[in-house]
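Visitor: Work out the full structure, taking the sequences as your base and the hints as a guide.
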Amino acid sequence: MNGSAFVYTGRDNLAAMRAAIRYNAFLAALVEAHAPKAGDWLDFGAGEGQFSRLFHQRGRNVMAVEADEALARINESAGVPTRRALDSVEDASIDYVYSLNVLEHIEEDEAVLRELRHKLRPGGRLFIYVPAFPLLYSSMDQLVGHHRRYSRSGLQDVLSTAGFAVRSSRYVDCLGFLAALVYKALPDRGGAVTPAQVAAYDRWVLPISLRLDRLLARWVGKNLIAIAEVPDRTIGG
Numbered sequence: 128m129n130g131s132a133f134v135y136t137g138r139d140n141l142a143a144m145r146a147a148i149r150y151n152a153f154l155a156a157l158v159e160a161h162a163p164k165a166g167d168w169l170d171f172g173a174g175e176g177q178f179s180r181l182f183h184q185r186g187r188n189v190m191a192v193e194a195d196e197a198l199a200r201i202n203e204s205a206g207v208p209t210r211r212a213l214d215s216v217e218d219a220s221i222d223y224v225y226s227l228n229v230l231e232h233i234e235e236d237e238a239v240l241r242e243l244r245h246k247l248r249p250g251g252r253l254f255i256y257v258p259a260f261p262l263l264y265s266s267m268d269q270l271v272g273h274h275r276r277y278s279r280s281g282l283q284d285v286l287s288t289a290g291f292a293v294r295s296s297r298y299v300d301c302l303g304f305l306a307a308l309v310y311k312a313l314p315d316r317g318g319a320v321t322p323a324q325v326a327a328y329d330r331w332v333l334p335i336s337l338r339l340d341r342l343l344a345r346w347v348g349k350n351l352i353a354i355a356e357v358p359d360r361t362i363g364g
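Just so we're aligned: 336 in the working numbering is position 209 of the sequence shown, and the numbers increase by one with no gaps anywhere.
Read the hints as simulated data drawn from the structure, not as lab findings.
As the structure is a prediction and not an experimental result, all values here were calculated from the model.
For every residue, glycine included, the Cβ atom is placed at its ideal position computed from N, Cα and C.
Some clues are possibly wrong.
[Stated by the list, open to error] Simulated restraints on C-beta separations: (1) Ala165 / Asp359: 30 to 38 Å; (2) Val309 / Gly186: 23 to 31 Å; (3) Arg330 / Thr288: 35 to 43 Å; (4) Leu342 / Gly317: 31 to 39 Å; (5) Pro334 / Gly281: 36 to 44 Å; (6) Ala323 / Thr288: 16 to 24 Å; (7) Val309 / His274: 20 to 28 Å; (8) Ala165 / Ala326: 34 to 42 Å; (9) Ser215 / Ala323: 34 to 42 Å; (10) Leu342 / Val309: 34 to 42 Å.
Guide: What follows is the structure in structure tokens.
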């Protein structure tokens with residue numbers, strides 16, 4: 128994510144996810160629910176800026192980091208300050224970093240988390256959302272350039288090793304776990320999904336899945352959330 132030559136490989140699937148209206152609204156609400164009441168935000172791996180543009184419109188002071196040049200320009204065209212690389216963001220200048228389905232694309236995830244820690248002020252907060260369970264790794268993950276899927280303990284460990292204090296973590300979308308297993312078992316379609324498939328799941332399955340998460344979030348889900356903070360003693364460490 129620190130190189131301007133990066134080109135995102137899963138654009139068709141990214142476009143299909145625009146049909147996930149409830150899912151995207153759910154993610155936006157999660158990001159805002161865990162945000163500090165005021166301060167400077169960073170959208171790390173902003174993509175085409177669906178969330179950075181939304182929060183910018185809501186009056187949040189949000190900056191985007193996006194290495195893909197074409198996607199970065201979309202953010203900029205909406206008035207969102209955008210950097211191509213994390214190292215161009217000033218150290219200890221950010222109060223809240225959120226990163227949605229990005230960390231799994233980065234081979235050296237611990238190194239990037241350490242760099243994110245340095246961008247945060249003392250007490251700054253990190254919201255991470257990633258694909259869960261290595262068991263679910265499929266051609267879809269390969270298509271979009273995922274290096275891994277995370278277990279809850281594995282994500283907590285890499286965050287702790289990078290110098291964060293993990294405040295909470297849980298799985299999300301328990302029925303999505305089953306859907307991902309079925310997808311993996313079906314004949315390989317190259318990892319692609321269609322807007323119609325996304326919209327159908329979003330409308331009929333996701334609302335039920337999110338209600339069931341109240342009971343099952345400790346154990347199972349297609350995705351994983353972690354909230355972490357920068358202890359004062361780690362700044363500059």
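Visitor: Each hint needs a verdict: does it hold in this structure or not?
Guide: Cross-check of the supplied hints:
1. For alanine 165 and aspartate 359, the Cβ-Cβ distance of about 19 Å falls outside the hinted range of 30 to 38 Å, so the restraint is violated.
2. One distance hint, 23 to 31 Å for the beta-carbon pair valine 309 and glycine 186, is violated here, with the actual separation near 41 Å.
3. Hint check: arginine 330 to threonine 288, Cβ distance near 40 Å, so the stated range 35 to 43 Å holds.
4. Range check, leucine 342 to glycine 317: about 35 Å between beta-carbon atoms, so the 31 to 39 Å window is met.
5. A hinted range of 36 to 44 Å is violated for the C-beta pair proline 334 and glycine 281, which are about 29 Å apart.
6. The beta-carbon spacing between alanine 323 and threonine 288, approximately 41 Å, falls outside the hinted interval of 16 to 24 Å.
7. For the pair valine 309 and histidine 274, the beta carbons lie near 23 Å from each other, so the given range of 20 to 28 Å is met.
8. Look at alanine 165 against alanine 326: about 36 Å separates their beta carbons, and that is inside 34 to 42 Å.
9. Against the hinted window of 34 to 42 Å, the Cβ-Cβ separation of serine 215 and alanine 323 comes to about 39 Å, which satisfies the hint.
10. Between leucine 342 and valine 309 the C-beta distance comes to about 21 Å, which lies outside the given range of 34 to 42 Å.
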